[in-house]
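K.L.:
Mind docking chain B on chain A? Use the hints.
Chain residues, written in single-letter form:
Number of protein chains: 2
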Amino acid sequence: MIQSFIKKGSFQDSVSLMLISKKLSNLEEVDEVSVMMGTPANKSLLNATGFWSDTFNDATPNDICVAIKTHDDSTNVIALISDQLEDALKNIAQQQQGGTKLLKARRYASATEKLPDANLILISIAGEYAAELADQALDDNKNIMIFSDNVSVDDEVRLKTKADKKDLIVMGPDCGTAIIAGAPLAFANVIPKGNIGVIGASGTGIQEVISQIALLNQGITQAIGLGGRDLSEEVGGISALTALKMLAADESTQVITFISKPPAENVRKKVIAAMKQINKPIVALFLASKIDQPQEDNIYFANTLDEAARLACLLAKVEATACQLPTVAGKTISGLYTGGTLAAEVAMLLAKALDLAVSHSHDKGIMLDQNGHKIIDLGDDFYTVGRPHPMIDPSIREEEIAQLGQQPAVGVVLMDLVIGYGANADPAESVISGFSRACAARSADNPLIAIVTVTGSEQDPQSRHQQIEALKSANIIVMDNLPEAVLLAKRLITAGQASTPVRSYPLLNHISVINAGLRSFAEDLQASNIPVVQYQWAPIAGGNKKLAAILKKLN
Amino acid sequence: MIQSFIKKGSFQDSVSLMLISKKLSNLEEVDEVSVMMGTPANKSLLNATGFWSDTFNDATPNDICVAIKTHDDSTNVIALISDQLEDALKNIAQQQQGGTKLLKARRYASATEKLPDANLILISIAGEYAAELADQALDDNKNIMIFSDNVSVDDEVRLKTKADKKDLIVMGPDCGTAIIAGAPLAFANVIPKGNIGVIGASGTGIQEVISQIALLNQGITQAIGLGGRDLSEEVGGISALTALKMLAADESTQVITFISKPPAENVRKKVIAAMKQINKPIVALFLASKIDQPQEDNIYFANTLDEAARLACLLAKVEATACQLPTVAGKTISGLYTGGTLAAEVAMLLAKALDLAVSHSHDKGIMLDQNGHKIIDLGDDFYTVGRPHPMIDPSIREEEIAQLGQQPAVGVVLMDLVIGYGANADPAESVISGFSRACAARSADNPLIAIVTVTGSEQDPQSRHQQIEALKSANIIVMDNLPEAVLLAKRLITAGQASTPVRSYPLLNHISVINAGLRSFAEDLQASNIPVVQYQWAPIAGGNKKLAAILKKLN
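Chains as they are written, first to last, in my numbering: chain A, 21 to 575; chain B, 21 to 575.
In short, the hints are calculated from the structure, not lab data.
20 Å max Cα-Cα, derived SDA-like pairs, lysine to any residue:
no., chain 1, residue 1, chain 2, residue 2
1, A, Lys-63, B, Val-405
2, B, Lys-63, A, Tyr-403
3, B, Lys-384, A, Thr-69
4, A, Lys-310, B, Leu-376
5, B, Lys-43, B, Leu-109
Using C-beta positions, here's what the derived DEER-type ranges look like:
no., chain 1, residue 1, chain 2, residue 2, range
6, B, Glu-271, A, Lys-492, 37 to 43 Å
7, A, Asn-391, B, Pro-346, 57 to 63 Å
8, A, Met-21, B, Arg-457, 27 to 33 Å
Positions of the beta carbon are idealized from the N, C-alpha and C atoms, including for glycine.
Isolated chain A, as found in the complex (with noise of 0.2 Å):
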């Protein structure tokens, strides 16, 4: 049988209430017991999981139903029940006095008033009345996040449509992550500051990618959410277009990566669309769905949340990397390799990257020759005919080189550096001495990039490290593997990112957080050093929306 009472005017969040729920379910005189506002919603869930109560009938939003399953008649329960209820209440709120200070307001002008900087509003409130709180914010020109779920897709609509044009962002509903200007805004992680960009219609796909991002040592600008009905046919992405132009114009953002399902056909069409007029690269996973081609133009598809999150790193380190580099641009790459392999990998991976065909008959050891891009192997017979390998002995590489000098168009010489066991004592010094004849050729207006990949261990004679640090200090570029290389090689000699002045968005520099619900939230903002305002929303006129609209054409 189910006993009941309401405890009449005292609001209190949801996770609050269903903590006590379950802390008060425990207690061996009951089965079960639910405690609830008495929102409409609420009442619904009350009546079909079997607690509803007659008495629930005069309940208001603003009140807290309660409703115990027990196989105990007495009404002793229901006192045990109240003074447990009102401990713990007493708890919650000791807690908060006792905890961090916050700043707080009952009403939302006395809230802008109190953080007139406030660009952001984060509404974990009960879902009926998020929209509502959203509308208000959004004719007060805030950006909005809204952690609250059952809102409807009209209101969705209506609130993004209206956001997009004041160039406001709606994240959500049912938005469950963000870091915005380095605020944690709901479930978030406490990432390193990076250049990768992320954008995301899934809240733990965002935290899963991001902290891969960070055990990969590199770190983000921004997570956007976008809630996980954007991309629908219904909502057409309109967050998600807003926050690829957000990322667009944040200049610390190099590198964007969007994680969502499959969009619908014609949002997919629109989202790539817009991918395409960004100059960055951007890495897309829609979740389980079938990769047609692993890049397209700026576009790479990832596979998995890990995949998304190597691709971004490694495209992150080509950009981060280029951005310190002097400008190539429409010059020609070289590569000078002593490994047969190395060259062929290398000449491949060109080949894909520029649109190349790769040389079959290996003439001389050239690899590839076209639109002025040459990779030659010069292992090959041809060069070490009556001459030690060039691993041994690299003084024909040395000269091949220098030779750069006096070849304008060339822009980038790619090389490895092959270690260990048989291989020369010091080839870093060879590439070096070669590099510097080369660059001491060239006037200051044509510089030439050296990228070079090392083959080889630690614990080898030359010690990996050991070589690294004598090529670095000689300007030489040093990348881990061949991949990375021949992406940086292509992107030195492509057009930079636009520099194109765009709109800017403060948000992204700065955020001040109005707080309407779980006031965790509002703490780990302030933790993190973030101006924050906990607005205790309650609903007007104890949620009657007559009264309500009423009240609210007097204001």
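P.N.:
Positioned in the frame of chain A, the structure of chain B alone reads:
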């Protein structure tokens, strides 16, 4: 003009003479100097490169031919170069005496007497003599590595066929790299010990893959070279097939990585068929070939050297972990996830791995439910209506985990653990508690294995590593990402690696080397504490083949 002389009866290796040539060429008085042993091949080369002099007609393979290009026609040049050559040869002799003390032998028979357990001969003498020496060593039941090039295909086929009948291997000709039983053979790197065995028909290909493996903090068992022609139509992959048998039999090798250019079609079929007979995962990289499907039974195809290394390390980690766990072969997998996207990705990966279909209705959060395998999203509305999300309150999942104790068919439980702001303060505690209860309900012969991935960073309030440490100390396996977790789960429910008795290859456990040719190879072996004798090979009967044949018969 060319001036020339012969230095009689002084055999030196080709690399030493090449370095001497280079040094002498730097002298002001000359244009270029070529110093070579008077072998037939070298004589052709001197002719082809414009260094011929009729003086050389009398030179034997034991004589040094010196050709000097110069504009100075004084005979002084010959005296000068002759003096310099003598100095250089003296230097080499002194270095050899002053350097490492090597065990030395002038005849093959004495080499084997000095190192009775020698089981491999490393041959880097002039190519035209390499096959004969290899043949002799095969008769003597030695394994062979031929570094030399210029060995005919006919000789290669003959030697490899002969070796095959004796369960021996011929690596090469033109095999630049091998690492056997810890011995660096020719161009080799110092790589940590691990469980990945490498087979390669490309020297720098092997070197780059093992270097990348070391960068990923893993290691190798062996690296077996084949020579670039082994997988051609003519040679038919004889050594490739032997190498596969060797690593199949090698207990410490749990994953095999195979690198070559695309083999001839019928050789490819043979090699792939042999790979499928091996109950170990194999990564195959057929350089620059198009991959039709990324996986075929136990074979994983890679596109690049670093991808081959990454795949090998992933599989190696899975195998190394699996072999330390009790067997749950034939059991099912249960996934209990709090993150919806994580559950969806795991369902997709598991469906692909086990050839199952994912569930599209997602009824009650069920993402996959087939053949007893089941992946559930416990964040689905079905579980969270009126309850906090399991990321906040993990008790509902704790119950589900504990319930697995009563489901004896389930062998593996896959889980996520999401930390960060908003999430539970110690989610590991709940996972551990549920898992302990499940295990307590199981008998020792019906274990349950838990595999968890952690979403979140080290800087999160809960600390990634602290959560991981807690899980590990409760015997819960923690993997870095979802593909790793799924691969391990699949591996655990399928039969393990064969322990059926196979032919053993003692070479892989203990190696003892006769080095014929480049002295530095012997020095490198000795520096690595590998038993080695330097066989100071010189052409028999001064290279006179007829006389040599007569002498051989007299022996």
